[in-house]
Amino acid sequence: MYLKILCAPDSFKGSLTAEQVAEAMKEGIKKGAPQAEVKSYPLSDGGEGLLEALVRSTGGSIHKTIVSDPLGRLIETEYGVLGDGVTGVVEMARASGLLLLSKNEKNPTETSTYGTGELILDLLDKGCKKIVIGIGGSATNDGGLGMVRALGGKLYNLNREALQGRGNDLIELSEIDLSGLDSRIQNVEFVTACDVDNPLTGEQGAAHVFAPQKGADQEMVKFLDKGLKNYVNVINKTLGINVDREPGSGAAGGLGAGIMAFLNGKLVPGIELVLDTIKFEDHIKSANLIITGEGKLDRQTAYGKVPVGVGKLAKKKGVPVVAIAGTIGEGTEILHAQGLIAYFSIAKGPSFEESLFENASSLITDVSEQIIRLYTVR
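Residue numbers (this note's numbering): 2 to 379.
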């Protein structure tokens, strides 16, 4: 019996990359069904692993460059160009991310998205006509001001003194001069992977919801939110638009708002962006089975996570999907209606999380083998 199986997992965060998970799945499938054709499509919901997921699946290339980290220090990082040669991909966390800072350095009043702007500049230099931006894992709360400055915009306070574009500059901001903004931006489509719908300001906004994760105390949160409200007014004065209540404008410390306002970018659910970019729907047409997975399956999986993104798309095509997870939490029964016919944990009896992390690859292989053995009995 001819079998075509697709492995399309997310990473098991803290343990394996999506590519490593897919390889472990493939190994198990080959043990249970040596004759099967197995294709790997490592995925991401727009956060960690977006770069590799898009580049690998399209036959693209990864490039190294030097940019500024959240505190302005020079670092080496990476970005990608997809197989079409004209679509670039950036993970803002690789330039402006929280993991680039030590615990004592976390302070969203001092951090900037300038390095993210530098990554975009590199892609403009490469002639890209579409740029995909993943905005998870930010260390910033500057509303995208740093990005704007890197792209040629100038920021001034009431005394017409230049501002750097950090979180603490939001409150002083009086003018955004876009006359020097890189003109190539007008001819580029910007698409952003965003899985939150928070507004820019207020109790559900960037500062109140996300800044504490980046090192802000309550006084800092109030200060940043006040600054973002000022930013809203300056954007309105500059461009005649109000981005404050736009869903996702508060993502990545307000970078969502900056991308909307200054790059005319659109924000879309991360997994939908990834599946559309790699044309996953075309790949599943002839598949017999898809195995997906992530580190933890629970009710939150239904809200924009990889397994459900895969499940929904495959369900339309009548292709069964099985998920593998490190652990399984509460509320997973709703996932059956989202296209998953079954799901399995890699745990063998009572297990410590540390043990699951250390042995995840072999455990995924074991479960994948059992899934394919059961499937081929049909």
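Honestly, the hints are just simulated from the structure, not real lab data. Do not take every clue at face value.
Simulated crosslink set (DSS-like; lysine-lysine; CA at most 25 Å straight-line) [to be verified]: (1) 297 / 349; (2) 14 / 313; (3) 5 / 223.
Cβ-Cβ distance ranges computed for the label pairs, FRET-style [what the hints assert, rightly or not]: (4) 300 / 358: 19 to 25 Å; (5) 300 / 162: 48 to 54 Å; (6) 204 / 63: 37 to 43 Å; (7) 131 / 161: 32 to 38 Å; (8) 198 / 162: 22 to 28 Å; (9) 63 / 246: 32 to 38 Å; (10) 332 / 161: 38 to 44 Å; (11) 163 / 234: 38 to 44 Å.
Ideal Cβ positions, reconstructed from N, Cα and C, are used throughout, including at glycine.
Here's how the hints hold up against the structure:
1. A C-alpha spacing of about 15 Å is found between residue 297 and residue 349, which places the hinted pair at or below 25 Å, so the restraint holds.
2. With a CA separation close to 23 Å, the supplied pair residue 14 and residue 313 stays within the 25 Å bound.
3. With a C-alpha separation of about 55 Å, the suggested pair residue 5 and residue 223 falls outside the 25 Å cut-off, and the hint is violated.
4. A hinted range of 19 to 25 Å holds for the C-beta pair residue 300 and residue 358, which are about 23 Å apart.
5. In this structure the supplied range 48 to 54 Å holds for residue 300 paired with residue 162, their Cβ-Cβ distance being about 50 Å.
6. One distance hint, 37 to 43 Å for the beta-carbon pair residue 204 and residue 63, holds here, with the actual separation near 40 Å.
7. Between residue 131 and residue 161 the beta carbons are some 36 Å apart, a value that agrees with the proposed interval 32 to 38 Å.
8. Checking the proposed 22 to 28 Å range against residue 198 and residue 162 shows it is violated: the Cβ atoms sit about 36 Å from each other.
9. Taking 32 to 38 Å as the suggested C-beta distance range, the pair residue 63 and residue 246 conforms, at roughly 37 Å.
10. Distance hint for residue 332 and residue 161: a CB-CB separation of about 54 Å, inconsistent with the stated range 38 to 44 Å.
11. A beta carbon spacing of about 20 Å between residue 163 and residue 234 contradicts the range 38 to 44 Å that was offered as a hint.
In this structure, the hints that do not hold are numbers 3, 8, 10 and 11, in rising order.
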